[in-house]
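Enquirer: If you want the building blocks of each chain, they are given just below.
There are 2 protein chains.
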Amino acid sequence: MIVQYEGTDYVGWQVQPNGVSVQEKLEAAVFLVTGENVRVEGSGRTDSGVHAMAQVCHFDANVRMPADKFAIALNTRLPRDIRVLFSQETDGAFHSRFSAKRKTYRYTIQLGEHSDVFTRNTALHVHTFLDIEKMNAAAALCVGEHDFSSFMSAGTTMENTVRTLYKSEWIKEGKYLHYWVEGNGFLYNMVRILVGTMLEIGCGKLPIEAMSNALLNQCRENAGPTAPAQGLMLMRVCYPDFDTREVLSCDS
Amino acid sequence: MIVQYEGTDYVGWQVQPNGVSVQEKLEAAVFLVTGENVRVEGSGRTDSGVHAMAQVCHFDANVRMPADKFAIALNTRLPRDIRVLFSQETDGAFHSRFSAKRKTYRYTIQLGEHSDVFTRNTALHVHTFLDIEKMNAAAALCVGEHDFSSFMSAGTTMENTVRTLYKSEWIKEGKYLHYWVEGNGFLYNMVRILVGTMLEIGCGKLPIEAMSNALLNQCRENAGPTAPAQGLMLMRVCYPDFDTREVLSCDS
Numbered sequence: 323m324i325v326q327y328e329g330t331d332y333v334g335w336q337v338q339p340n341g342v343s344v345q346e347k348l349e350a351a352v353f354l355v356t357g358e359n360v361r362v363e364g365s366g367r368t369d370s371g372v373h374a375m376a377q378v379c380h381f382d383a384n385v386r387m388p389a390d391k392f393a394i395a396l397n398t399r400l401p402r403d404i405r406v407l408f409s410q411e412t413d414g415a416f417h418s419r420f421s422a423k424r425k426t427y428r429y430t431i432q433l434g435e436h437s438d439v440f441t442r443n444t445a446l447h448v449h450t451f452l453d454i455e456k457m458n459a460a461a462a463l464c465v466g467e468h469d470f471s472s473f474m475s476a477g478t479t480m481e482n483t484v485r486t487l488y489k490s491e492w493i494k495e496g497k498y499l500h501y502w503v504e505g506n507g508f509l510y511n512m513v514r515i516l517v518g519t520m521l522e523i524g525c526g527k528l529p530i531e532a533m534s535n536a537l538l539n540q541c542r543e544n545a546g547p548t549a550p551a552q553g554l555m556l557m558r559v560c561y562p563d564f565d566t567r568e569v570l571s572c573d574s
Numbered sequence: 323m324i325v326q327y328e329g330t331d332y333v334g335w336q337v338q339p340n341g342v343s344v345q346e347k348l349e350a351a352v353f354l355v356t357g358e359n360v361r362v363e364g365s366g367r368t369d370s371g372v373h374a375m376a377q378v379c380h381f382d383a384n385v386r387m388p389a390d391k392f393a394i395a396l397n398t399r400l401p402r403d404i405r406v407l408f409s410q411e412t413d414g415a416f417h418s419r420f421s422a423k424r425k426t427y428r429y430t431i432q433l434g435e436h437s438d439v440f441t442r443n444t445a446l447h448v449h450t451f452l453d454i455e456k457m458n459a460a461a462a463l464c465v466g467e468h469d470f471s472s473f474m475s476a477g478t479t480m481e482n483t484v485r486t487l488y489k490s491e492w493i494k495e496g497k498y499l500h501y502w503v504e505g506n507g508f509l510y511n512m513v514r515i516l517v518g519t520m521l522e523i524g525c526g527k528l529p530i531e532a533m534s535n536a537l538l539n540q541c542r543e544n545a546g547p548t549a550p551a552q553g554l555m556l557m558r559v560c561y562p563d564f565d566t567r568e569v570l571s572c573d574s
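Going down the list, the protein sequences come from chains P and V.
Just so we're aligned, residue 323 is where the first sequence starts under our numbering, counting upward by one.
Just so we're aligned, residue 323 is where the second sequence starts under our numbering, counting upward by one.
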């Protein structure tokens, strides 16, 4: 399934004891439709306040309903901030997380003196001057294969911290500044720490070289702070035979 | 002042006993900043669930703070779904309602099979086919001076029901269909009834001639239903010496 959600009112994708998650809402809806208690597996977790234009997830169930009817059936049981945009049956070899090859995230900053009411939950408002050329110079340094462990939340353990980024750039559209990043995988909080580092570079607190240093010398302290969750959106997930952008014909 | 708000959680612009209004929130913020109980007068009322990209309002108060500082001072006392984008001092002759010459509204429809999460409160989702050419033919009939009393909520009394529309057209942008309408004034629910009528024309329930008939023969029953509030947004207000679009350099 391809699922869209606004993360504002959720503790994140994953089921947690301390609040309502997107996963839990989807599993409750599947139960109402099929009568089965299933685990809905996502392509990856998103944190509290992080959104998805196109998250991919799957579940195993024995049901008679044609798989393409699930989208409409689940939407009538889901809150309005979660929508199933597409559903289909797959073979048993498909796994939304393990089969994923590439993901694209977008982080949105709203420029200007005052916060915009209509993007208050989906963009980070920054009213100070940002040097976009410097931010793009730093973004370009991240393209390719790197050990990104400086950009992983302290305390996280992960065997392999090497990831490859295919795209990493800032694009200005009117009063919005979007960071587009595409990679074969992301460490915990990686996009938000990359953005936090580039915001420090953009406002002059850190030089561009801070990015090269953090990429070469693996230590969380070499990178900038973690940018707030609300600007982050999972835009696209690619599989060997399946790309959310092509299925939805969206502009990500 | 130029004020932006999302109307979802309000009973509308105007103070009412049955819920929280935008006007009341602004007046409370002015009280916190100035210590004065003022009436904040808007360029016009908006209904519950209707939004404003640029509403204009004014109040009279004896204060020492420079008027251009009010935007920031009020925003720290306002909820996040109401923002003051601009503030300035005017002479006593200015009145946000009586001095207004033209207003522009936009009504947004989201096309496609499923409702989009991120515009669920600011667009009307329509999943059936709409004939945009027919809707634009009907929209064009409304341009100019007409007695719009067929497009006024039944039970409303108004001495002069003649208004002039300068623009009335549907524009498609990706999966969104926007109705832009500019006029020298609007009757109660006029834009929503115009949209409701054109939606019936677009889906084939009414012929284009229903619009000509409703414009010629004044009776509420000759027009279509009132379209839901959430798609409507006040985009621009023009005064002899002041145009919200120029002040904000926005795209409306």
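Hint data in this document are derived by calculation from the structure and do not stem from the laboratory.
Among the hints, erroneous ones may be present.
Identical copies go unnamed one by one, so any copy, or any two together, can satisfy a pair.
In the DSBU-like style, the derived pairs of lysine-lysine whose C-alpha atoms are separated by at most 35 Å in a straight line are [stated by the list, open to error]: (1) 391 with 494; (2) 527 with 391; (3) 391 with 497; (4) 497 with 423; (5) 456 with 489; (6) 456 with 423; (7) 391 with 456; (8) 527 with 497; (9) 423 with 489; (10) 423 with 391; (11) 494 with 527; (12) 489 with 527; (13) 527 with 456.
Enquirer: Evaluate each hint against the coordinates.
Expert: These are the hints, each one checked on the structure:
| no. | hint | verdict |
| --- | --- | --- |
| 1 | 391 with 494 | between (39 Å within a copy, 28 Å between copies) |
| 2 | 527 with 391 | between (52 Å within a copy, 28 Å between copies) |
| 3 | 391 with 497 | between (39 Å within a copy, 22 Å between copies) |
| 4 | 497 with 423 | both (32 Å within a copy, 28 Å between copies) |
| 5 | 456 with 489 | within (17 Å within a copy, 43 Å between copies) |
| 6 | 456 with 423 | within (30 Å within a copy, 45 Å between copies) |
| 7 | 391 with 456 | between (48 Å within a copy, 32 Å between copies) |
| 8 | 527 with 497 | within (22 Å within a copy, 41 Å between copies) |
| 9 | 423 with 489 | within (14 Å within a copy, 49 Å between copies) |
| 10 | 423 with 391 | within (27 Å within a copy, 51 Å between copies) |
| 11 | 494 with 527 | within (21 Å within a copy, 43 Å between copies) |
| 12 | 489 with 527 | within (25 Å within a copy, 48 Å between copies) |
| 13 | 527 with 456 | within (12 Å within a copy, 56 Å between copies) |
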